[in-house]
Amino acid sequence: MRSILLIVSLACFIAVESASTPVCTNGFTLISNKCLKLFPSAVTHKVAERSCMDWGATLVTVKNANDNHAITAIAASSSLVWMGLFCLDNDPARCLWDDATGSAEMYSTFASGFPHIDVGKCVYYSVKGALAGQWLSGDCEKDTKAYICELPVTVADNCPNNYNGHCYTFHPPSSFVQAQTTCEKECGNLASINSANENRYINTLSNRQASGNLYIGATWPTKDVFNWIDGSLWTYNNIDLSYSHGATCVAMINGANIGSSGMWFSIDCNMQYSSVCKRPAGIKCNGAAPAVTVTPVPKNPSYCNAGVQLTPGVVTSPDYPYQYDNNQNCVYQLATLGSYNVLLRFSDFGTESKKDIVTVYDGDSVNSPVIGTYSGELNAFSLVSTGNTMTLSFKSDAKNGGRGFSARFTSYAYGK
4 MRSILLIVSL ACFIAVESAS TPVCTNGFTL ISNKCLKLFP SAVTHKVAER SCMDWGATLV
64 TVKNANDNHA ITAIAASSSL VWMGLFCLDN DPARCLWDDA TGSAEMYSTF ASGFPHIDVG
124 KCVYYSVKGA LAGQWLSGDC EKDTKAYICE LPVTVADNCP NNYNGHCYTF HPPSSFVQAQ
184 TTCEKECGNL ASINSANENR YINTLSNRQA SGNLYIGATW PTKDVFNWID GSLWTYNNID
244 LSYSHGATCV AMINGANIGS SGMWFSIDCN MQYSSVCKRP AGIKCNGAAP AVTVTPVPKN
304 PSYCNAGVQL TPGVVTSPDY PYQYDNNQNC VYQLATLGSY NVLLRFSDFG TESKKDIVTV
364 YDGDSVNSPV IGTYSGELNA FSLVSTGNTM TLSFKSDAKN GGRGFSARFT SYAYGK
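Numbering-wise, the sequence shown is residues 4 to 419 according to the working numbering.
Calculated from the structure, these hints are not laboratory results. You may find that some hints are simply not true.
Here are the simulated PhoX-like cross-link-like pairs (lysine-lysine), alpha carbons at most 25 Å apart as the crow flies [said to hold, decoys possible]:
#, residue 1, residue 2
1, K287, K188
2, K357, K287
3, K145, K188
4, K66, K49
5, K145, K40
6, K188, K226
7, K131, K49
8, K131, K66
9, K398, K357
10, K145, K131
11, K287, K358
12, K49, K188
13, K40, K188
None of the values given here were measured: they were computed from a predicted structure.
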């Protein structure tokens, strides 16, 4: 009997150990508890970011000395490689990682005199020579280098879409209840989305594997209350504010237009939409439904002449929704992580026509190319930057006025 118990215990240990062992997918290599893949062709930083997006990945991030050594281990055949780090100024605390985990303040190995944004705002790694292991600044648009993509580790599973410990499947149109029933048969739920990276991963896949908009596992019972039906905390929000709250279920916009793909909106639960299911990778479900936790929606206001604002947030005319004063001269600088674009969606717009003007620039200053100039009474509209910065100016003349404007800015990734 003791031998039988020993064998059973050993089998259970092996099963648990196997399920928890980190693995990589899609030909990525496990190094320093990360999944990395070198792409030796020299390309611009933007092309490198777009390539990583196609894998659901970001450019490589480096949070400690082990991560820094890992780049040398996988990039030995290259001399310079792009990293997933974008600097807003010459302070490492203002250099932000593409995976939305924060800045390089706690760890960096910049070479002397770097970062230096006058040289460039994108960061690359020197693999060889006197500067081996150090980081330097490069021109995002002009310089070309090899690059390394990074995926989170996951758990072994034969599912085709295995990402960060979960498997994702896409299904043809049905009602919300029917879609959830299908997911439960797969030991999962309609997908919760807990980060910008996960949203980007699902949106990238949905553009290839689903037809039209798709249900996700969120409910929106009242204006400021959101739930994930799998019990996840509401830690990430990508609701498109140009859509009013009118129904309980939530769907993701899938390739509908350049300014909205990947954003969420409320929808009647009986509508026939495609869907995305999510289940834990490498384990069997027990059928138990977790308790739902309700979390309020965070509010992120920003203000005239407040310096660089990082997504997500809201910019408004002074004193909005009350009338702004005469002779206003506001500049709003918007930025997001290096692998994203800025999506700016005006939900309300009313200024004195041809007198009080909003100008939107495709870049980090009022010297950048102009996207457009706007005044008067306008319906809701959206704009997308070509890079990861956008600037607005608002100028009013010496008389009259209007209620002003309100616009939400978020990170946006072009689907493919």
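We went through each hint and held it up to the structure:
{"no.": "1", "hint": "K287 with K188", "verdict": "holds (12 Å)"}
{"no.": "2", "hint": "K357 with K287", "verdict": "violated (63 Å)"}
{"no.": "3", "hint": "K145 with K188", "verdict": "violated (50 Å)"}
{"no.": "4", "hint": "K66 with K49", "verdict": "holds (22 Å)"}
{"no.": "5", "hint": "K145 with K40", "verdict": "holds (23 Å)"}
{"no.": "6", "hint": "K188 with K226", "verdict": "violated (31 Å)"}
{"no.": "7", "hint": "K131 with K49", "verdict": "holds (23 Å)"}
{"no.": "8", "hint": "K131 with K66", "verdict": "holds (20 Å)"}
{"no.": "9", "hint": "K398 with K357", "verdict": "holds (11 Å)"}
{"no.": "10", "hint": "K145 with K131", "verdict": "holds (22 Å)"}
{"no.": "11", "hint": "K287 with K358", "verdict": "violated (64 Å)"}
{"no.": "12", "hint": "K49 with K188", "verdict": "violated (40 Å)"}
{"no.": "13", "hint": "K40 with K188", "verdict": "violated (34 Å)"}
The earlier numbered hints that this structure contradicts are 2, 3, 6, 11, 12 and 13.
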